[in-house]
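Undergrad: Could you put together the complete structure from these sequences and hints?
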Amino acid sequence: MEYKVEYIRMLAAKYFNGETTLAEEKILRDFFGFCRDVPEDLQACRALFAHHTATSAETSHLKLALHTEPSPVAPRIGPLYRWMIAAGVAAAVLGVILVQVIPTHTNHSDFLCYVNGVRITDRQEAMEYSRQTFDKVSVEVQRSVEGISEKMQTDPGMQSVGEILNGLAGGMDPKTDF
Amino acid sequence: MAQKDFNEIYLGMQDRIFRLAAGIVGSRADAEDIVQDLYEKLWRKRVFIATGRNPEGYILASARNFCLDRLRTRKKTTELPASMPSERESYREDEKNMGSIVARLVGALPEKQRTAMHLRDIEGLEIDEIAEAMGINGTAVRMSLSRGRTTVKEQLLKIMNHGI
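Line by line, the protein sequences give chains A and B.
Residues 1 to 178 (our numbering) make up the first sequence, in order.
Residues 179 to 342 (our numbering) make up the second sequence, in order.
Everything labelled a hint here was simulated from the structure, so no lab data went into it.
Using N, Cα and C, we set each Cβ at its ideal position, and we do this for glycine too.
A few of these clues could be false.
Beyond 10 Å from chain A on every Cβ pair, some chain B residues (computed) [claimed, not checked]:
(1) Gly204
(2) Tyr236
(3) Ser240
(4) Leu249
(5) Ala286
(6) Met312
Under 7 Å between C-beta atoms, here's a sample of chain B residues computed to sit facing chain A [as the list claims (entries may be wrong)]:
(7) Asp193
(8) Phe196
(9) Arg248
(10) Asp299
(11) Leu323
(12) Lys331
Below, in silico cross-link-like pairs of lysine-lysine (DSSO-like), each with a Cα-Cα straight-line distance of 30 Å or less [said to hold, decoys possible]:
(13) Lys14(A) x Lys26(A)
(14) Lys26(A) x Lys4(A)
(15) Lys4(A) x Lys331(B)
(16) Lys290(B) x Lys223(B)
(17) Lys331(B) x Lys26(A)
(18) Lys63(A) x Lys336(B)
(19) Lys290(B) x Lys26(A)
(20) Lys14(A) x Lys4(A)
(21) Lys14(A) x Lys331(B)
(22) Lys26(A) x Lys336(B)
(23) Lys336(B) x Lys290(B)
(24) Lys14(A) x Lys290(B)
(25) Lys63(A) x Lys223(B)
(26) Lys4(A) x Lys290(B)
(27) Lys219(B) x Lys290(B)
(28) Lys14(A) x Lys336(B)
(29) Lys290(B) x Lys331(B)
TA: Here's what the structure looks like:
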């Protein structure tokens, strides 16, 4: 595409004011790169753009010495970590159950408790409720730990977390230990 | 960041880092040393680079700061002496090589102007990308570009008029 010299002069003035866009600078570069009859007053601009073009073509001859460490092994979650989670959840569940199972009479032969808003007077029935709740929590904990293990194999951010936990709790293979 | 991702990004930027370093330190050999040394330094921080918003901008900013530190360590000034070939004899000597004249004029600019011109005119970065790489705002970038380009143009015109 050919451009009028007056337009090029206008762009050159903008260029030296630091106001040109990349697209306008490309127009200047193309003009000075291909035009054979550059006016005298634009010769300095042409020399500058010629320098830019030549410098852009320079490349490094360096063969960069890259790190070639092996790919990180999937983080192993220590057995201590698994049991810490299970113990913590169990303690929380038992704590909730014990708070709920508060005798309302001093006579220890009477039994009264509320579980999830349900009034229970039978001790065995209360224990059964506790057992069922604990089983449900154990299943959810198991699912959560399996989900975390899977994430640690694919998510770089989680891998970093896994490395930290691995340092704290020893090794465990998520593929075989869950 | 996976080793492979960081290596790919850095390798893709190797020539750009080299040209920037060569423009600042003024030596091809030193620039290649900087490319390798900077890689080693950034490798240790690859996780932080990966979680950043703009890895390329971070690497360019690091390259510039690394070059300036290297210059200070070697007790060189960040501004090259303003040795303009203003005499008629030196102009005639370089008459057939305007490129080297322009290179010397650009090399004599203050580092900020030189780097801003390099990132814009050589690497084709946008103003905000240059601002991030240099740690200055967009207005300061445009001002550095204007001053640097105008200085080179005025010196070139002096040289050309001397030679007439």
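Undergrad: If a hint holds in the structure, say so; if it doesn't, say that too.
TA: The hints, checked one at a time:
A cut-off of 10 Å between C-beta atoms confirms that glycine 204(B) is not in contact with chain A; the least separation is 13 Å. With a minimum CB-CB distance of about 17 Å to chain A, tyrosine 236(B) clears the 10 Å threshold, and the non-interface call stands. With 10 Å as the threshold on Cβ separation, the claim that serine 240(B) sits away from chain A holds: the shortest Cβ distance comes to roughly 16 Å. Every C-beta of chain A lies more than 10 Å from that of leucine 249(B), the closest at about 19 Å, which supports listing it as non-interface.
With 10 Å as the threshold on Cβ separation, the claim that alanine 286(B) sits away from chain A holds: the shortest Cβ distance comes to roughly 13 Å. No Cβ of chain A approaches the Cβ of methionine 312(B) within 10 Å, the least distance being about 14 Å, so the stated non-interface status holds. Because the beta carbon of aspartate 193(B) sits about 5 Å from the nearest beta carbon in chain A, less than 7 Å, this interface hint is met. Evaluation of the phenylalanine 196(B) hint against chain A yields a held restraint, the C-beta minimum of about 4 Å falling below 7 Å.
Here the hint on arginine 248(B) is broken, as its CB sits about 16 Å from the closest CB of chain A, past 7 Å. Interface restraint check: aspartate 299(B) against chain A, minimum CB-CB distance 4 Å, threshold 7 Å, status holds. With a least beta-carbon distance of about 4 Å to chain A, the hint placing leucine 323(B) at the interface is held under the 7 Å criterion. A least Cβ separation of about 5 Å between lysine 331(B) and chain A falls short of the 7 Å threshold, and the interface hint therefore holds.
The straight-line distance between the Cα atoms of lysine 14(A) and lysine 26(A) is roughly 13 Å, inside the 30 Å bound, and the hint therefore holds. Annotation: proposed proximity of lysine 26(A) to lysine 4(A) holds, straight-line Cα distance about 15 Å (limit 30 Å). For the given pair, lysine 4(A) sits about 22 Å from lysine 331(B) by alpha-carbon distance, which is consistent with the 30 Å threshold. Among the hinted pairs, lysine 290(B) with lysine 223(B) is consistent with the structure: their alpha-carbon atoms are about 26 Å apart, no more than 30 Å.
A hinted pair counts as satisfied when its Cα atoms are at most 30 Å apart, and lysine 331(B) with lysine 26(A) qualifies at roughly 18 Å. In summary, the hint linking lysine 63(A) to lysine 336(B) is not supported, as the alpha carbons are separated by about 42 Å, beyond the 30 Å threshold. With a CA separation close to 23 Å, the supplied pair lysine 290(B) and lysine 26(A) stays within the 30 Å bound. Of the pairs offered as hints, the one joining lysine 14(A) and lysine 4(A) holds, with about 16 Å between alpha carbons and a cut-off of 30 Å not exceeded.
Distance restraint check for lysine 14(A) and lysine 331(B): the Cα-Cα separation of roughly 14 Å lies within the 30 Å cut-off, and the hinted pair is therefore satisfied. At most 30 Å may separate the alpha-carbon atoms for a hinted pair to count; lysine 26(A) and lysine 336(B) meet this at roughly 26 Å. Our distance criterion of 30 Å between C-alpha atoms is met by lysine 336(B) and lysine 290(B), whose separation comes to about 23 Å. At most 30 Å may separate the alpha-carbon atoms for a hinted pair to count; lysine 14(A) and lysine 290(B) meet this at roughly 20 Å.
Between lysine 63(A) and lysine 223(B) the CA atoms are separated by roughly 21 Å; this keeps the pair inside 30 Å, and the hint holds. Note on lysine 4(A) and lysine 290(B): the hinted pairing is violated, with a Cα-Cα distance of about 34 Å set against a maximum of 30 Å. Under the criterion of a C-alpha separation no larger than 30 Å, the hint pairing lysine 219(B) with lysine 290(B) is consistent with the structure, at around 23 Å. Between lysine 14(A) and lysine 336(B), the direct Cα distance comes to roughly 21 Å. Compliance with the 30 Å bound is thereby established for this hinted pair.
As the CA atoms of lysine 290(B) and lysine 331(B) are separated by approximately 17 Å, the hinted pair is consistent with the 30 Å bound.
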